[in-house]
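Novice: Single-letter residue listing:
2 protein chains.
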Amino acid sequence: MAYFDAASAAPLHSVARQALLASLDEGWADPARLYREGRRARMLLDAAREAAAEAVGCRADELVFTSSGTRAVHAGIAGALAGRRRVGRHLIVSAVEHSSVLHSADVHEAAGGSVSQVAVDRAGSVDPAAYAHALREDTALACLQSANHEVGTEQPVAAVAELCRRAGVPLLVDAAQSLGWGPVDGDWSLLTASAHKWGGPSGVGLLVVRKGVRFSAQGPVDERESGRAPGFENLPAIVAAAASLRAVRAEAAAEAARLRELTERIRARVPRLVPDVEVVGHPVRRLPGVVTFSCLYVDGEALLHELDREGFSVSSGSSCTSSTLTPSHVLRAMGVLSEGNVRVSLPAGAAEEDVERFLEVLPGTVAAVREKLGAPTAAAVAREEDVLVVDSLGKRCPIPVIELAKVIGDVPVGGLVRVLSDDEAARLDIPAWCEMRNQEYVGEEPADRGTAYVVRRVV
Amino acid sequence: MAYFDAASAAPLHSVARQALLASLDEGWADPARLYREGRRARMLLDAAREAAAEAVGCRADELVFTSSGTRAVHAGIAGALAGRRRVGRHLIVSAVEHSSVLHSADVHEAAGGSVSQVAVDRAGSVDPAAYAHALREDTALACLQSANHEVGTEQPVAAVAELCRRAGVPLLVDAAQSLGWGPVDGDWSLLTASAHKWGGPSGVGLLVVRKGVRFSAQGPVDERESGRAPGFENLPAIVAAAASLRAVRAEAAAEAARLRELTERIRARVPRLVPDVEVVGHPVRRLPGVVTFSCLYVDGEALLHELDREGFSVSSGSSCTSSTLTPSHVLRAMGVLSEGNVRVSLPAGAAEEDVERFLEVLPGTVAAVREKLGAPTAAAVAREEDVLVVDSLGKRCPIPVIELAKVIGDVPVGGLVRVLSDDEAARLDIPAWCEMRNQEYVGEEPADRGTAYVVRRVV
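Going line by line, the protein sequences match chains A and B. So the first sequence is residues -3 to 455, counted in my numbering. So the second sequence is residues -3 to 455, counted in my numbering.
It should be emphasised that the hints constitute simulated quantities derived from the structure, not laboratory data. On a predicted model such as this, the values are computed, not experimentally measured, just so you know. For every residue, glycine included, the Cβ atom is placed at its ideal position computed from N, Cα and C. Among the clues, some could well be false.
Computed from the model, here is a short list of chain B residues facing chain A with C-beta under 10 Å [to be verified]:
#1 D21
#2 A25
#3 R29
#4 A37
#5 M39
#6 H129
#7 G215
#8 E219
#9 R220
#10 F228
Input sequences plus hints: build the corresponding full structure.
Specialist: This is the structure we're talking about:
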């Protein structure tokens, strides 16, 4: 039994559980009341707000608790757009935002606003220059996730925030996937997050609005949470959320390194173990625990079912619509294969042996699904002798790419070329070459020196 | 230590606590996922929905879980208004609805809709005929609470629902205060409730939309909860909410009778123990655990503070704005005294001895606050010999009122007249007479036969 879907919901952290239990007894009363139970609830709420604000890196009076990350996004976008309505009604989002952001954008557009979607590259990254290009006189708000929920790619938030700041446009950062790992860098204006992504309980989101940001809460509000999140505070869960955020942060550096090594194994070995697989997401600028790949000729639901039978809980396609298994908007925006998509997102504490067993089980599982579907026989896995190694260490681009192009005809179709390079540019150029030449970029692997970029000959 | 503010938030029921603990381990995963943890979460969610629907008296697919009762009200009103936008944009609410309803009405009005407020009588009751009168060709929705949150008065929901049904207008019932005691009678169309009012956890509300009611969810939505409540489901709390609703219902009949007797003691004795007190709310058609009274010449905040020092947690003024202690819109709509207002709302299991001690402590507390405030010396509490008893048993109205009017001059100013009557009309007529003649209607007390209506001579 291995739960590898932390990007959907992390199991409750032990500190969250303890804090929740303690505050069930201390924190059930209305914090707006003047009597002792109310004052006690108020103290717990204030302390939770201080702790969460410290973890975010903001003032306590800039942070309110919402009932979910989704609610935080909806309220944050609607409030920021309304607060700057005099400036204009133009909203910028990336094409790979969480559905809560895109749904908000849809509502804005339906109400007469305009929306620009900033495209991403094949790794799922936005280019800050594209945000700069999208900014207009009438731009009321820009939104950018800190890291993508489906492929783990980290976005250049600080750079985009700086560009927005110069243009006088607030940037809202959806930090749902990253806040447990650390604060969001840069001079952002609004931030949202979700406790159950970091091991806190469900039922708690964060909405941070920096002082000085024009904000006008929309819809009916009340006196709770500075008028930004109506309804009785879910206090025991809020206390648990704040306590667990501190706890996961204390463990974040060590756990990030450990998980990063485990996901690197998956990134590197899946393409060698399974034919016709595309590992997607940025190979370096990525969340520690997330790795996503797509398998040609595989039905995502069938693969999930088989993996579940083998004891692995993973996600497929869009994280928000996986019950219907519609194609993921993220994978489409990246222009990568979306069929047979598997997202492995390791929770804190994920066991190495579970990852190893996953790698053992996966090839047979994929093969079985392909066979059931009567898929065309995939190119056979290249034998060791079909791997050709190009040593481009110490050589600058475009040499590694040129050397790759020279040798690709020397391996049979289905065979592999490993390009060893220590030039950072190769990381972008080799996949780009594959795209242009219709060859398959399998992925990268750590090497003794530099990185090995693996390419499979397709044509 | 006695917590008498269950109408704000009830302490967590032991069944809620147990269910919450159990589902922290079983119900943290995403119920939209296909793997085992997701399926387990889905089963818990489905079972909770079935249980809640059974308690409400609706189909499971008519009920969604929201993040609070307030959210349920906001979503319910907005969705019902939008669903019937072609019919018109007229909304009917009572003047004594919870602030979440009134805030929704404000937003609707600000967006160009029209709102009619139906007035209440001095007991806080709406007259069904007034709803009938308010219904128009362009009425999209009517709202009526099942029982008032501040004074406990139960509303004639079934009668109003019938009138609305005949007019083809959906009725939304805010059942936050009553759902723990029993299902809402009548042919209503939408219903909302809040788990922490019945001893469930915070973070859970219910929104029921009957099949056939036109409903168009507003704002950004997602695929969760039938598209009516976006954001990750707060599953452990939902499970606890449903389990505790069943549990409180099993105890409801016996506990209602017990609490009704305790609040009847307060209703009857406070006016005898404390001078210049008005007990408000309907004397008979009322929630079992709620009793509200107002003390002339008393500052509500100071009184709450003194009662808190004595170990009693009660509420004052509007239950929704008590942190600011603005005058309650409910008491104003009723036309009753709002200064020095105290709402006692007994939680299930409230101890008789705590109620007795409250009655012991209250007179001195009120007197101390009055003295501190330098209030004009209140009329002294009538001595026993200043009480004049009129026996109108077996006599029909208007005889009891006539006999009262004959003898009021026989007691000194500040003295009391007790009118014994078994005619139901006296319950309305005697207070009405007091209003007209500027005499003080102190309240009613159970008598050996019939009821004693107590009047203090003022002029």
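Novice: So, against the hints stated earlier in the document, which numbers end up violated here?
Specialist: 5, 6
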